[in-house]
Amino acid sequence: MSDHPPPAPAEAAVMPHGAEEVRAHLKIYLAVFFALGVLTAITVGIAYLDLPSKNLAIAAAMVIALVKGSLVALYFMHLIKEARVIYWSLALCVVFFAALMALPVLTSMEHL
Amino acid sequence: MDPVKFGYWFPADVSTHGPSVDLLIDYVHYLAVALFVGWGIFMLYCLIRFRQRPGHKAQYELPHFKGSKYAEVAVALIELVLLLGFSIPVWASIRYELPRTDAPDKVVVRCIAEQFAWYFWYPGPDGEFEPASADRIKPSNPLGLRDPSRDAVSKDEFHFPVNRPIVVYVTSRDVIHGFNIPLMRVKHDAVPGLNIPIWFQATKTNDEIFAAMSPERLRIGPALVGRKEPYIAMEAVKAADGSDLLKSGDTFVFGEALVKGLTGAGVQELSVKLKFPVELACAQLCGNGHSGMRAAVSIDTEEQFAAFIAGKMAK
Amino acid sequence: MTDTHPNGSPGAREAHGGGHGETSFLWKYVFSQDHKVIGIQYGITGLCFLFFGFTLMMLMRWQLAYPNQPLPWPWLAELLGNIRAPGGVLEAGFYNQLGAMHGTIMVFLGVVPIAVGAFGNYVVPLQIGAPDMAFPKLNMASYWVYFCGGVIMLASFFVPGGAASSGWTSYPPLSNIATQGQTWWLVGMVFLITSSLLGSVNFIVTIVQMRAPGLSMFRLPFFVWAQLVTAFLLLLAFPPLEAAGVLQLMDRVFGTSFFLPSGLVVNAIPYAQTTGYSGGGSALLWQHLFWFLAHPEVYVLILPAMGIVAEIVANNTRKPLWGYRLLVYAAIFLGFMSFIVWAHHMFMTGMGTVMSTFFQTTTMIISIPSVIILTCMILSLWGGSIRFSIPMLFALAFLPMFAIGGLTGLPLGLTLSDLHLHDTYYVIGHFHYVVAPGTIMALFAGIYYWYPKVTGRKMSGLLGHLHFWPTLILMNSIFMPMFFMGMAGLNRRMYDQTVYVHGRGVQPLSLMVSWSAWMLAVAQIPFIINFFKSWKAGEKVNDNPWEATTLEWAAPSPPPHGNFTTLPEVHRGPYEYSVPGQSGDFCPQHARPDSASEGTPSAPPVPAAH
Amino acid sequence: MSTAIPWSVKPHPVTGIPNAKLGIWLFLASEVMLFGALFSSYILIRTGSEQWPMGRTILNIPLATLNTVILITSSVTMVMAWASLKMNQFGKFKLFQTLTILLALGFMVVKAFEYGGKLHHYEVTLVEGSEAADKAGALKITGHIDHATAGNGGAITSWIRSRDDLHDGKISFVADPPAGSHEHPAAIELAAEDMERLTFFGPHRDTFFAVYFTLTGLHGIHVLGGIVVLLYFLLPGSRMWRTDPERFTGRIECTGLYWHFVDLVWIFLFPTLYLL
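Protein chains in written order, with numbering that gives the first Met the number 0: chain P, 0 to 111; chain R, 0 to 314; chain H, 0 to 609; chain F, 0 to 275.
Looking at chain P on its own, in the form it has when it is part of the complex (with noise of 0.2 angstroms):
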């Protein structure tokens, strides 16, 4: 057990997550859980469309995921409230991934 009690009202302030706030979570945790079934059924629904062009499928697709990667990474891995820290290191990890995708491909593509 922690023998340095921090001052009680900074934890307040950065803890949000007290048993009666959790209580309220629930329901959003219910309702994202179904528009993540929706969304799943969407995504599998489309592809058997065969849609007209092979770009427009992936990116319908890739935006179903985002919406649903983003539902999860917001409510269940609780990100819409968050430290700053951690968002100051996911932003970081976003530039770098991005140039991770970006810049193999767009190389090999540019290749002679």
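Careful, some of the hints might be misleading.
In the DSSO-like style, the derived pairs of lysine-lysine whose C-alpha atoms are separated by at most 30 angstroms in a straight line are [what the hints assert, rightly or not]:
(1) Lys26(P) x Lys85(F)
(2) Lys154(R) x Lys137(R)
(3) Lys26(P) x Lys93(F)
(4) Lys56(R) x Lys68(R)
(5) Lys237(R) x Lys274(R)
(6) Lys26(P) x Lys91(F)
(7) Lys246(R) x Lys4(R)
(8) Lys56(R) x Lys539(H)
(9) Lys274(R) x Lys259(R)
(10) Lys139(F) x Lys137(R)
(11) Lys93(F) x Lys136(H)
(12) Lys27(H) x Lys532(H)
(13) Lys85(F) x Lys53(P)
(14) Lys110(F) x Lys53(P)
(15) Lys80(P) x Lys139(F)
(16) Lys56(R) x Lys457(H)
Honestly, the hints are just simulated from the structure, not real lab data.
Starting from the known structure of chain P, fit chains R, H and F onto it as the hints suggest.
Below, chains R, H and F alone, put in the same frame as chain P:
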């Protein structure tokens, strides 16, 4: 022509784009040396003037230095000039312009690297490359051409005419190799699965370079046995029994008997010239034979080149 | 004061000690969770690997100086055996193994573990006034994972076909078709990467969360900043190499073709016929993933070194660092940019003009913060009262050496000049100037500087001079000739450079490099003697022998478990030397404002030994 | 008294989070880069390939959809397990944690069926101009090796990359039903000399399967790791609830973050591998 020397700074330069490469390298080094000397003098001055000694105290606050800011801006500007003035445009021109604009007198060659040899593949008189397939590869048809008699293929010997743009499609069929002719400032990776065009133009023929090259004193030892490159002897050597081992002007290749004879005659160093002083080296680690993956480059006159192709076709 | 202390009760030390319970030798020194013991473990292991990697290079240098001549000592040839050195002459394949493993060991098992694992682990918690790292168990795990990785790498020398021989860069397809040793290399790398990831998480959390009260980010010593940026580089750049390692393992073990394009012909036989491989991969994919790590890795090597030098320069000039904030911003910017320059290692792979323009531009941009950092450090000398202590000598030597390393990077970052210099000895000279006379000099500086903290004793000054001067001279006579060899067009990784006429032209330089390298080994003897002898017999010194300001010097030497007898509270920036109006010439970060103004140089009072 | 590392349970007053939470997020950031590198490789190889099979023509969509639903559900039970602890309902926590583990195991079982199906599915490339090729009317046929009729079918137990690995030199092969039909054609006998390449649908078959097995395999390893952690906190680890409930809740939160990340990866793997 200037004497061709090897060692310690740039080697001789026999390509059209080479001078701009050398110039940029020189300029970057001027910048580097200027910065380094500036820093160094300042640093040494500080070390002496501000050394710890009785009565001397460090200053907590310093007078405002503007110098560093100016220096940094200057460095950035010089880099910008080198980047925009040299590197980007010249690179773009030497990498891109020619393969796209169809020079009528260009020579197209395919270079295929493998462990540990270079193949140079020239189209026959029809100007077309034969279809090739790996299934047909055998010693007599190393590239697996459909009809090997219709194209010219040369192994470890790269001929091309002087003063004409040469376009080489570089590829490899096993691992990554590096196509590098230091004397022409030509370098490019040979990547399996990619067929990458590069181009260059030579300004001197092999014979001119040979004439301008000073002889080298080659150390004689067992390591020479098996070297494939031809040399020309610049001195005569007599064997222990008095017979001629080498005459001045002889073209020869180091074989076991010759090396033994030379060692027997007590020769430690031999004055020679390489017959083809321009070399093609492998620049990427490609396995155990990497350092021996050498090809001779012969910059021919038109007649020599025509004769070379004809000779290869006749086979 | 301690009652309201948010960081722990006055009994934190005892509590901490109690936390680990076991005090047997095994738990105290082998599976220790104490950051200081782990730091020392990293340091000793790293130094051993550094020495081993150096030995590999000395062997290579024989072949380079005296191509194809038998090794001078028959016992050495016998030790290597007939496969590695038939007739006493190093075999080409073994030479390639030495080259590949020299690079791997020096970078991943030597320099980074010392710079980050040893110095970071030992010094960072002390400098931020924390009792330990945030996750002590993870810390222990990261050392042991690193150790296992090292053992795997060493063991790979004894598998059939020997160790990895495709260069430390392991470019496929060469590495794909290489012998078993390559698989060991990959497994070893996965271990080393895992270790680095665990370590970097630990560092970031420790630095962000566990700073002593009053120690704001801009009161952190520059060394801690450097470690923080380094940890982010390790955290985000290493995973792509791990991915690449997984892909190459898949290729080698499960026969996939991630890095193998269609239509390969190996030994004149279609590769599909002998292996049934499918093809369709890309040989350059590996290079992208590898350099995505390996370029930031350069800054992983150099940033902690800059941090060490900054500490020592500030301490030995007895004045604040010039442009502390600028240094911090430059380090962050350097770290950030290092992620988007990697393809300048790939200019010769057929890159198009747009991408090559992008990468050479970012490369030129990244040179600016390096210039700023160096300029700040050199300007810091102005107005100082410079003490030429042994750590300071090494730190001062770092500056021009790193400058040479950095400046020679410029022609390599421009495509046009890279055309001639790419893959030549010039490249080797360039990055060795950064890593060997650069980083390794800084690491020596750090060892001399923090040795009294670790042991309570100083290293000998005479032996220090005997170590420093020959090392400085020999480092230069090793690496300076390489620029000239590279200019002459000599390619790197050559088993026998005398095959080429331009190689024969610079063969005398090669001889000089080799002899300098062997003499450099001799020049390390004073250091080794000094290092071990001073442990027990060095001059005993007080807790703050360099009269430094940062927090590590507030702890006893050696610091006990839990580090501080009294938890420090920070009142000022890291380098408050020669503050006007004070009698002493330094003002420790933790000295209370009132007591500092009394100007007692040895403030604050340190409780008696424990 | 377990340790004196500050902020290992209570949130730091400035950053607002305890150490472990920052740690797990940093770890997840590195995981993003790991999977990012693999996705990037996938894109590079796919854009560079001449043709790329549609995932859904080869892979089993119903099974993968089922797995998606299983994993999403497990994410919900995971977050419920944590919420139960927050609401001081240890019994409910045990229930939801158990459910999460069962769902995770379910995911792996489905995965095992999916893998199994692939590893028993074969492709034969026939020798051009051979009798078998004439009979089959195509150079490449896919299907199953008929273990019942082939006397030596059982010999093919391990990974076969080339026909030289055949013990007896021939197999009995049941080709896949033609498109639109469900009836398997009759088994045919194939001799080694008829076959150019015989391979099951393993990672080595082509770069599509290489990508598929590598990505799903690495994801599967993450699921397995998650199961171990979840089990630990369900059984021996949960003793901490009695001594230090706050710390225990923090650990479950971190476990949950990891588990949601595994779910997140699958959310992207599913369309990119199976549907597109």
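Take a quick look at whether Lys110(F) and Lys53(P) sit within 30 angstroms of each other, Cα to Cα.
holds (28 angstroms)
Check the hint pairing Lys80(P) with Lys139(F) against an upper bound of 30 angstroms on the C-alpha distance.
violated (55 angstroms)
Measure nothing beyond the straight line between the CA atoms of Lys154(R) and Lys137(R); if it is 30 angstroms or shorter, mark the hint as holding.
holds (14 angstroms)
Holds or violated: Lys26(P) and Lys85(F), Cα atoms, limit 30 angstroms.
Holds: Lys26(P) and Lys85(F) sit about 15 angstroms apart, inside 30 angstroms.
Holds or violated: are the alpha carbons of Lys26(P) and Lys91(F) at most 30 angstroms from each other?
Cα-Cα ~17 angstroms, so holds.
Lys56(R) paired with Lys457(H) [C-alpha distance capped at 30 angstroms]:
holds (25 angstroms)
Assess, step by step, whether the Cα of Lys93(F) is no farther than 30 angstroms from the Cα of Lys136(H), and give holds or violated.
holds (27 angstroms)
Would you mind confirming whether the straight-line C-alpha gap from Lys237(R) to Lys274(R) stays at or under 30 angstroms?
holds (22 angstroms)
Holds or violated: Lys26(P) with Lys93(F), Cα cutoff 30 angstroms?
holds (20 angstroms)
Take a quick look at whether Lys85(F) and Lys53(P) sit within 30 angstroms of each other, Cα to Cα.
With Cα atoms ~46 angstroms apart, Lys85(F) and Lys53(P) exceed 30 angstroms; violated.
Agreement of Lys27(H) and Lys532(H) with the hint, judged by alpha carbon distance not exceeding 30 angstroms
holds (23 angstroms)
Given the proposed pairing of Lys274(R) with Lys259(R), does the C-alpha separation stay at or below 30 angstroms?
holds (22 angstroms)
When each numbered hint is compared with the structure, violations occur for hints 13, 15.
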